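Colleague: Residue strings, one per chain:
Number of protein chains: 2
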Amino acid sequence: MGKKRVVIVGGVAGGATCAARLRRLDENAEIVVLDRGHYVSFANCGLPYYVGNVIQEEAKLLLATPAFFKEVFCIDVRTRNEVTAIDREARTLSVRDLETGREYRESYDALVLSPGAAPICPPWPGVDLPGIFTLRTVPDSREIKHWIETRKPNRAVVVGGGFIGLEMAENLAHRGIDVTIVELANQVMPPLDPEMAEYAKQRLESHGVNLSLGDGVAEFAQGSNESLIVRTQGGAAFDADLVVLAIGVRPETNLARDASLEMGQRGGIRVDSQMRTSDPHIWAVGDAVEVRNRVTSQWELVPLAGPANRQGRAAADAICGREVRFDGVQATAVCGFFGLTVALTGATEKALHRAEMKDYLSIYLHPNQHVGYYPGAQAIHLKLLFRKSDGRVLGAQGVGEEGVERRIDVIANAIQMKATVFDLEEAELCYAPQYGAAKDPVNLAGMIAANVLRGDADLAPWNDLDSTLAFLLDVREPHEFNAGSIPDSVNIPLGQLRLRLRELSQSEEIWVTCGVGQRAYYACRILAQHGFRARNLSGGYSTFRVLHPLGIRQTLVL
Amino acid sequence: MGKKRVVIVGGVAGGATCAARLRRLDENAEIVVLDRGHYVSFANCGLPYYVGNVIQEEAKLLLATPAFFKEVFCIDVRTRNEVTAIDREARTLSVRDLETGREYRESYDALVLSPGAAPICPPWPGVDLPGIFTLRTVPDSREIKHWIETRKPNRAVVVGGGFIGLEMAENLAHRGIDVTIVELANQVMPPLDPEMAEYAKQRLESHGVNLSLGDGVAEFAQGSNESLIVRTQGGAAFDADLVVLAIGVRPETNLARDASLEMGQRGGIRVDSQMRTSDPHIWAVGDAVEVRNRVTSQWELVPLAGPANRQGRAAADAICGREVRFDGVQATAVCGFFGLTVALTGATEKALHRAEMKDYLSIYLHPNQHVGYYPGAQAIHLKLLFRKSDGRVLGAQGVGEEGVERRIDVIANAIQMKATVFDLEEAELCYAPQYGAAKDPVNLAGMIAANVLRGDADLAPWNDLDSTLAFLLDVREPHEFNAGSIPDSVNIPLGQLRLRLRELSQSEEIWVTCGVGQRAYYACRILAQHGFRARNLSGGYSTFRVLHPLGIRQTLVL
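As given, the protein sequences belong to chains P and X, one line each in that order.
Just so you know, we're using my numbering here: the first sequence kicks off at 1 and counts up by one.
Just so you know, we're using my numbering here: the second sequence kicks off at 1 and counts up by one.
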């Protein structure tokens with residue numbers, strides 16, 4: 001067998017990883033990377049921070065240059081070379097050199113498509129006006145920076161309240177710009193369950209970010225003094241000196257479609273577990289492909305760098321004849337802004353609904369990141385989803401100041417390893433006063449969930465709080481209760497409960513609440529053993545506040 | 001069946017947890033906690049920080065008072081009540097009230113021993129001199145604080161360089177006291193492998209802590225001006241105004257021994273997986289019992305709060321007739337001082353040697369806690385141990401400024417779930433620029449290990465570097481090489497390697513090194529495919545420096 005010729009289309013994340021891995025596996029292969037952009041292997045996750053001047057040198061964003069690929073890997077990287085068509089029969093590509101206009105053909109034994117995804121940019125009136133940007137490439141970020149430095153904008157509108165939108169909002173605020181986020185959904189961070197996104201919303205507002213949720217952009221118009229006007233479908237109008245569109249991305253699939261490769265229902269390229277497309281000589285990786293969710297088994301588009309890298313590696317292994325199986329993604333993600341960390345892994349409740357998976361329960365908890373007696377203890381707000389039938393961990397979301405990504409990472413590993421909540425109970429994690437607690441938040445999540453599954457603690461469904469006829473019992477101390485409580489709840493402090501059982505009725509269900517759910521759990525144990533039907537409103541008043549931002553018994557729709 | 005009477009001896013950590021859990025499971029049980037100390041359920045892990053004034057209020061150390069136990073749990077907690085004997089036949093205890101001198105008997109249906117462990121205090125001459133303290137209880141810490149505040153010591157000697165010793169050293173330094181640590185072992189943090197402890201040593205020294213390693217205390221003597229003299233077996237003498245003994249702890253087993261309960265080889269109480277002793281009516285939990293190591297299956301004494309809590313819970317479940325199985329400990333631990341975090345989980349190389357487990361390999365790596373292009377990137381030094389035959393993760397040790405406990409926690413969960421290094425490769429963890437990397441340190445550890453197991457990268461044994469005849473090839477850039485390199489190594493930068501292959505011989509083994517092992521891996525792949533026998537010195541020059549603190553080819557004994 002002669003030298004294998006592998007051509008990779010797209011040299012960022014998945015493509016770059018695939019190329020380097022191919023070389024390590026096959027010193028003799030001819031490896032060509034074609035990218036229509038100016039740069040390969042750049043740090044696209046760093047772009048918002050480059051705009052915000054947190055990352056100050058543009059050179060830092062360039063992780064590996066074509067010269068580096070040449071020297072270290074003997075890989076022929078050609079930027080500004082766009083592949084315009086695939087001839088699957090002949091196994092050749094049509095390529096255009098965007099600098100010279102020259103068109104040429106390139107042959108392959110194996111082809112890897114790693115074209116990535118492009119920012120969504122709807123055809124809104126005025127969307128081409130100067131001062132309106134998307135952010136996907138180094139030149140994009142350079143343009144925004146240049147605009148900021150020359151126009152010195154005072155007000156920016158970020159369209160889209162997803163992860164990139166929030167990172168942009170923070171970075172623009174960091175440069176002294178007033179920011180408004182316009183988001184079509186009723187919440188920021190649409191991948192999260194809405195009540196968990198509520199924490200993010202509050203943090204943004206407390207840092208002066210103006211939020212316009214549940215309202216989409218209608219059009220952009222030129223205002224006075226070179227400013228822009230962003231008009232929404234709901235009739236609002238925001239003045240802006242700068243607009244960044246961060247609505248999301250769509251997979252770049254033109255090449256694959258034109259070549260009649262099989263596509264998935266979500267609009268991505270369909271691949272098998274070797275990352276192979278419907279053409280046995282063509283692989284595809286990264287943001288352009290659909291992947292199976294490890295938890296829901298649904299096909300999804302998950303434009304994240306970690307999975308893209310793993311896919312690139314898997315494709316290289318497959319091309320070199322190695323046994324390999326890409327086992328899907330669990331969409332672990334983290335986002336930080338204004339001191340808050342928001343992270344998630346596995347399925348959200350939304351995702352379970354979409355997948356029509358009904359065999360699950362959720363709990364809320366609000367443990368500190370480390371023991372309360374060590375200075376600086378602050379709550380991590382956690383939501384854990386697990387299978388009702390066997391306790392398998394399905395997903396987790398966390399929000400807090402410190403230690404959030406750590407707990408979500410542990411749970412991410414647990415999901416990967418098919419752990420149950422009973423395993424989380426027994427996890428043996430790092431503990432010293434400044435690092436955690438003898439019962440780590442992960443242990444607590446496992447214990448609370450396991451208590452439910454063992455029948456030791458019945459949960460009351462938060463979703464039904466608006467309509468329930470249950471007796472609402474709050475077992476906090478009076479001073480806590482008086483500072484704020486669930487409407488219509490009755491206060492009996494935990495320490496008095498046994499003495500005041502006669503105030504309660506065994507004929508009606510009692511929903512018990514406290515600060516974070518712990519004392520309510522104790523109370524439920526007492527009540528259950530005295531013949532009462534008691535259920536815990538998991539997460540207590542801390543959860544009530546976020547599920548009921550108006551303070552009344554009208555629950556956020558989950 | 002009437003009311004079950006459960007008596008618990010010792011009300012800290014395991015005992016307190018057991019008591020509270022018992023109440024939750026059985027509202028009718030009579031639960032009595034007897035503790036000879038002044039406090040139950042106090043934060044012993046916080047004591048060094050209380051001495052250091054990091055934790056300022058003593059009340060914060062008291063997690064739950066007897067009044068709280070009474071009010072919330074209906075548990076009868078009696079501090080300053082010492083159990084002096086167990087009559088197993090009659091199922092009664094002899095108790096002495098230390099305040100009044102009254103002696104009485106207490107009966108039990110189930111007895112839980114949670115006596116903890118006592119500081120080791122050898123009968124050194126002068127060990128009773130004023131100014132010499134141990135630290136295990138709130139009154140202990142109060143005495144040390146009082147000594148510091150009234151005597152204003154300038155110089156302290158901490159005997160013992162384990163976790164508590166280092167925490168004490170930091171906290172005394174924090175109060176402006178010059179600290180010397182005297183440690184019998186040749187390293188600080190004896191649970192760690194010596195080369196990983198080297199990072200801790202360097203950090204202590206760079207913060208002005210004086211270390212006397214490999215030398216034990218011989219005696220204490222009174223010096224002038226009320227000072228003390230600490231004389232070592234090696235003939236050294238240190239002046240001190242304050243001495244803290246932090247040599248370790250020994251299980252409190254007098255009661256159990258006197259009652260002829262079965263003891264283990266390590267001097268702890270022997271229990272089964274329900275935490276039951278050799279007497280079917282007596283359970284034991286916490287620092288006083290021996291536990292099976294999850295990785296090595298050896299019996300061990302592991303005086304840690306997390307496992308103690310889990311054991312207390314397990315004992316309560318067992319007493320209430322629940323199915324339960326305590327599956328051992330993996331000795332996950334973390335310690336922080338002078339900005340450094342040191343953490344470990346599972347087996348160390350030392351522990352594998354002790355257990356005579358030879359089917360293992362180790363790798364070193366030095367990844368940043370987050371991407372290098374985001375400001376503040378700093379190395380985490382990691383050592384991963386895994387089974388050679390099937391890749392099972394056996395243990396990990398990590399040292400660094402940030403994110404260490406997070407990676408060790410993920411690996412802790414992986415060990416618990418019996419994960420392999422191939423699973424670590426595929427772990428999907430939180431990534432955004434300020435939180436990690438698309439290839440997280442955990443992924444990298446998995447990849448490096450998996451490359452070895454797949455035969456893609458042969459490791460050179462660091463232990464043999466002193467004696468090897470292999471050709472040492474350093475593939476870093478010349479400026480890096482010139483700034484420091486392994487003696488006798490030859491520099492060919494990676495980018496020139498393919499062009500200079502004729503400078504190498506196929507007849508001798510080539511050991512390849514670089515900065516952290518990555519370029520050496522690339523080089524090994526090139527060399528192997530060109531017919532050379534190449535092996536990677538894992539962790540590169542970063543590992544060399546710590547294994548060879550003198551800069552010569554004389555390796556720390558592992």
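It should be emphasised that the hints constitute simulated quantities derived from the structure, not laboratory data.
Don't take every hint at face value.
Taking lysine to any residue pairs in the SDA-like style, the calculated list, with each CA pair at most 20 angstroms apart, reads [unchecked claim]:
(1) P:Lys418 / X:Thr420
(2) X:Lys3 / X:Leu25
(3) P:Lys70 / X:Thr420
(4) X:Lys418 / P:Lys152
(5) P:Lys70 / X:Ala377
(6) P:Lys60 / X:Ala377
(7) X:Lys145 / X:Glu57
(8) P:Lys60 / X:Asn368
(9) P:Lys418 / P:Gln378
(10) P:Lys152 / P:Glu106
(11) P:Lys70 / X:Glu477
(12) P:Lys152 / P:Cys121
(13) X:Lys60 / P:Gln378
(14) X:Lys70 / P:Lys152
(15) P:Lys3 / X:Ala528
(16) P:Lys60 / P:His146
(17) P:Lys152 / P:Leu184
(18) P:Lys418 / X:Asp327
(19) P:Lys70 / P:Glu106
(20) X:Lys4 / P:Lys152
(21) X:Lys4 / X:Lys60
(22) P:Lys70 / X:Val490
(23) X:Lys70 / P:Arg500
Here chain P is said to cover these stretches of chain X; the calculated rule only asks that three of the stretch's residues, wherever they fall, bring their Cβ under 8 angstroms from a Cβ of chain P [claimed, not checked]:
(24) 20-28
(25) 363-374
In this text the structure is predicted, and so the values were computed from the model without any measurement.
Even for Gly, the Cβ is constructed at its ideal location relative to N, Cα and C.
Colleague: If any of the earlier hints don't hold here, list their numbers in rising order.
Modeller: 3, 4, 5, 9, 10, 12, 14, 17, 20, 21, 22
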